[in-house]
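Asks: For this one, chain A is given, so just place chain B on it according to the hints.
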Amino acid sequence: MREMAGAALVLATGYGIGKVLAGPFARRPGQLRDLQMAIAVLDTEIWHGCSMLPDAMSRAARAVADPAAVLFAETARLLAPGLGAAEAWSRAVDRFYPDSACDEDDRAILLSLGPLLGRSDREDQRRHLQLLRERLAGQEARAMVARQRYERLWSYVGVLSAAAVILVFA
Amino acid sequence: MSPAWVPPVVLERLPAQLRRCLVRMRLEDVEEIRLSAGRPLIVVGRGGDIFVTAEGEPTCRQDGALAVTWELVQDALQLMTRSSAYALEEEFRRGYLSLPGGHRVGMVGRAVLEGGRVRTLRDVAGLNIRLAREVRGAADALVAVVLEDRVPRSLLLLSPPRGGKTTVLRDLVRQVSDRGYRVGLVDERSELAGSVNGLPQLEVGIRTDVLDACPKAEGIYILLRAMGSQVIACDEIGDEDEAAALADAARAGVRVMATAHASGLDDAMARPALGITLRQGVFERVGVLSRRLGPATLEEVLSIGPHPGLRVRRGGKG
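In order, the protein sequence lines correspond to chains A and B. Everything in the first sequence is counted per this note's numbering, starting at 1 for the first residue and increasing by one. Everything in the second sequence is counted per this note's numbering, starting at 1001 for the first residue and increasing by one.
Just chain A, same shape as in the assembly (with noise of 0.2 angstroms):
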């Protein structure tokens, strides 16, 4: 009875960390859309509601969830007189990109927009913003096939891993 307990656990624990190692892919697709999102109320502050900057990244913070949101709420936090948006822009990249599920293309796709960020007229700036959009949702569509090869894959490596370790230790 107590072998079939510690048996379990060890295949709950596996099936636990597979889980947490594909947490990433899963979260991903979602945090990518999230982020698309806040784009868009930032290009529609922008072009009709001609709202300055820090107005402009607020409200698009507030149209999204964690962790997308920190990212314009940061932006916003950080475009206090004495700093541009490229910096403030860059700088909460940096806050963001670690608790996020993005991976490296995706940060450099973002801190792409930072020096054309507010420097030139609504037409740019929206065509901009439209063409980051566009490279998200390549960078979603990309994220969606990983998810659908690499989550059901971590979950077997996790759950296989536990099911050797019974059969090493039974």
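Simulated from the structure, these hints should not be mistaken for lab results. The reader is advised that the hints may include incorrect statements.
To be verified - With the Cβ distance kept under 10 angstroms, some of the chain B side facing chain A (calculated, not the full set): (1) Pro-1015; (2) Ala-1016; (3) Arg-1019; (4) Asp-1075; (5) Gln-1078; (6) Val-1118; (7) Arg-1119; (8) Thr-1120.
Said to hold, decoys possible - Derived Cβ-Cβ restraints for the label pairs, each shown as a range: (9) B/Pro-1008 / A/Gly-49: 24 to 32 angstroms; (10) A/Glu-104 / B/Gln-1017: 25 to 33 angstroms; (11) B/Gln-1017 / A/Gln-148: 47 to 55 angstroms; (12) B/Ala-1111 / A/Gly-23: 48 to 56 angstroms; (13) A/Leu-131 / B/Glu-1090: 24 to 32 angstroms.
Where a beta carbon is used, it is the ideal one built from N, C-alpha and C, also for glycine.
Replies: Just chain B now, with coordinates in the frame of chain A:
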């Protein structure tokens, strides 16, 4: 350390390198800070142009001055626009930004045209930060002229650029307002009252209604209809619409106070729109300012009627 001579509201909108330099600078009466890409930093004071080193020391050597780069100008512009250039299309079209406190930033770069008119400025390569100075008493010599017999008189203030017109008009508005007259102020460039979110940051008097960032011609009619102003004031009259609105206000029984670029009455008469208002008798008094004894030196005050060939009275200092 004594306080910096450049106001904090301007300092915090400058890149760190420039901020460090200007905080250390110990020049009194700074009027302008000129940033041009590829050229030395120039600070304009009462005595004229001064080069300033990266450490904030005045120098007469051009090559020892802080070198202004393209990036420095772009960073300054980012901070001054709060990274929201897209929201300031009208300001870019007109070529200047207003900062809180009435400070004004002129811009030069490449003009983008649409239908033969300037749509916006791109590649901004130069900024001229003009600092607003609130000088209480700057209009003391004019108050007696404007409020002669306790009846406000319409007044036009003339001077070449940097002659102190705005400073004198602001103080005149304050004094007229505080002496019991309802003044309507159309502050198109937010220089006179330095309003932030509609609230004046500079003293313009307890009975002064400020219409901030409003085109002058439209603003004059709004004040005329809505606020029951006894005196309407605005800065830098130039085009025909503005002159016509002022003339209309004068005909409606309101006294008007305005400024214009001209070195004297003859130059003002030669300017198309301004000349017409002068001939129509919109203004009863004309004050001429210069920098002869420093900014806002009152050279003369002229009493004029509908036919301003006759100069009735002269006064003023200097």
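Asks: All the hints need checking, so say for each whether the structure fits it.
Replies: Going down the list of hints, with the structure as the test:
1. A cut of 10 angstroms between beta carbons decides the hint on B/Pro-1015: the least distance to chain A is about 8 angstroms, and the hint holds.
2. Taking 10 angstroms as the C-beta cut-off, the interface hint given for B/Ala-1016 holds, the closest approach to chain A being about 8 angstroms.
3. The beta carbon of B/Arg-1019 comes within 8 angstroms of a beta carbon in chain A, closer than 10 angstroms, and the hint placing it at the interface holds.
4. Taking 10 angstroms as the C-beta contact cut-off toward chain A, the hint placing B/Asp-1075 at the interface holds, the least distance being around 6 angstroms.
5. A least Cβ separation of about 4 angstroms between B/Gln-1078 and chain A falls short of the 10 angstroms threshold, and the interface hint therefore holds.
6. Taken as an interface hint, B/Val-1118 does not check out: its beta carbon lies about 13 angstroms from the nearest beta carbon of chain A, beyond 10 angstroms.
7. Checking B/Arg-1119 against chain A by beta carbon gives a least distance of about 9 angstroms; that is within 10 angstroms, so the hint holds.
8. Among the interface hints, the one on B/Thr-1120 holds; its C-beta lies about 6 angstroms from the nearest C-beta in chain A, closer than the 10 angstroms criterion.
9. A beta carbon spacing of about 29 angstroms between B/Pro-1008 and A/Gly-49 agrees with the range 24 to 32 angstroms that was offered as a hint.
10. Checked against the hint of 25 to 33 angstroms, the C-beta distance between A/Glu-104 and B/Gln-1017 comes to roughly 32 angstroms, which is consistent with it.
11. A beta carbon spacing of about 51 angstroms between B/Gln-1017 and A/Gln-148 agrees with the range 47 to 55 angstroms that was offered as a hint.
12. Under the hint 48 to 56 angstroms, the C-beta atoms of B/Ala-1111 and A/Gly-23, about 54 angstroms apart, fit the expected range.
13. With their beta carbons about 27 angstroms apart, A/Leu-131 and B/Glu-1090 fall inside the hinted range of 24 to 32 angstroms.
Checked against the numbered hints listed earlier, the structure breaks hint 6 alone; every other hint is satisfied.
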